[in-house]
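This is what each chain is made of:
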Amino acid sequence: MTAILDIQDVRKSYGSYAALKGVSLSVNQGEFIALVGPSGCGKTTLLKQIAGFEEPDTGRIAIAGADMAGVPAAKRPTSMVFQKLALFPHMTVAENIGFPLKLRRTDTAEIKKRVGQMIELMQLKGEYLTRYPRQLSGGEQQRVALARSMVSAPKLLLLDEPLSALDVKLKKVLQAELKRLHRSVGVTFVHVTHDLEEAMMLADRICVMRDGAILQLGTPADIYYRPAGSFVSGFIGETNLLPITISERTSSGLIYQAADIVDTDGRIAADLVAGKVAKGPALLMLRPELLRVLPPGETADGAIAAEVTEMFGKGGTVQYRARTPGGQMLVVEIPGTSSLPMRIGDKVRLGFTKKDIYVFGVEA
Amino acid sequence: MADEVPRSWRDPDLLIKALPTVLLQTTCFLAPLVMTFLLTFQRSRNFQLQWSWDLWTWTDVFSKPHYWTILGHTIFMAAATVAICLIIAFPIAYGLATRFKAWENEIKVLITFAFITDATLKIYGWALFLDKNGMANYALSSIGLPPEMVAFLYTDWATLLGMVYSLSAFAIFTLYLSISNIDRSLILAAYDAGAGKFRAHWEVTLPLCKPGIWAGSVLIFLLSVGAFLEPKVLGGGKSPMSAELIRQTFETRVNWPLGAALTLVLMVVSVFIVLLFSRLIGLKRAGLAA
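Chains as they are written, first to last, in this note's numbering: chain A, 1 to 364; chain B, 365 to 654.
Derived by calculation from the structure, the hints in this document are not laboratory data.
Any given hint might turn out to be false.
Here are a few chain A residues that sit away from chain B, every Cβ distance over 12 Å (derived from the structure) [as the list claims (entries may be wrong)]:
1. Gln29
2. Leu174
3. Glu238
According to the in silico footprint, chain B covers these stretches of chain A (three or more CB under 8 Å from chain B) [claimed, not checked]:
4. 76 to 85
5. 90 to 103
Every residue gets a Cβ at the ideal spot worked out from N, C-alpha and C, and that includes glycine.
Let's have the full structure, built from the sequences with the hints guiding it.
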């Protein structure tokens, strides 16, 4: 695997505001990578540097091994799908899709052929070719925008939250479409979104950003089950973070104490601990669906005593909220068909398996 | 659409609501036009209007090439004014809408002030500036150049200068509105697709400015066609334009029927040209009319 995109310590400031504080990232050929983070985290700024709309203050961006410093957007082997799509309102669908080819002095017959292929790839109707963008629905416009970006066979397709303006149902359809498109064309996708759930669905790897820096880069499973800290863990879904105290940290793992947890041996293996964790206070993460209700007499690697305070049906699952004697609130999600239903006020023991936990440091 | 229109005509509520507008349009616009039209069938003898109801005036208009030469000259000057105004206004409007955002309001106020200052004042100002003993010549001769400006005042060029000066603000404002409505990401999309700066302007900015270019052109064209101060003061009345001819016909020659006929000819020709160009430009096709 070769790196199609290589970003080395890129920094960018607007006046006194530092939008990117030294970002390094390497993306493999054919990969689908998502840049995720709250607004103002620098994800769109990073995309602009890759596309060439802006030049970084310092650092290096290389695409397919070529340094992009001083190369204008028009000359880069990248193509962008804009948040507002940016379809040219004065051009027909065919003219829009063919525009990048027209600029490359492709001959008319070839343009027509390639536009036809794109229309087919995007599953658009042939009769749309002569229509104007405003005569199409939101989803169709989206497909036209994708077709325009793909027609010139870019090495990198950059997507700047193109799905954020769509309603939930259409969003799901187009997410599936994007995934299918990525599989069928094999182009490297860099997708910017503030929606981690969307990133989880689409991306091979996710790059979580905050305040102009990368917090974590990993597979969706890494991000979900092995987050680098409480920010990443809280960015998607619900999670339980239990305060613990690490009394001993060795290369093989750690020994901890926690007020509410009854642990069989009080040890956690090193592969379940984030790299930087040292002696002292830390957080133990447990996803709600990894807690289960222990029948009387049964034991688990670890158990937490709690009293059920609230319950919400969620269709296939039921979510409970429970309070430990120490006052810590826990979220538990169990299948709706569970043989051990709980009621509000029940005193229960919630068990977990050691391999399901993850420990990271307390963030400032 | 087809069945909505007749229904609205039968809607008494709508008719009542439209009545003030209809009355205003009829009394203030349509009635004078009809009166002007009727006036062309009369004659003027010894500075007296005679109700003769014949085609004498129209025969006069169509038999004298002099009137048509002046009309042609007027149209040509108006077209030149439109072209020069657009060329000057485009970079100014573009800069206002994009580069000089921080100074936008200050610049707009300045342009507006220059624009609403009384036209007579400005035109005489130019005449004084370009005069034989004016500032322009003084400046030229003080740096050792021949006082060339003497040859400039009282020519068509001076007339053009005056008209462009008076009317370019229309183009600046209409173009400014068009350009500032263009989504910045469209320009970025053009760059991204592989367009250089010039190409992006040509393929995206310019076509999307069409409504502004068109609105400014129509305003400037129609106002130029009616200009009489500039050709008189700056052009020295050497090659009069239609508006001056009409004024003379009414005031100096006191030939109201002929004046009315010349007015109608000018109106019809101007409107015809505007309609012809709107067809050629094809605003509808681009779907930018709204």
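Hint numbers not upheld by this structure, sorted from lowest to highest: Violated hints: none at all, because every hint is consistent with the structure.
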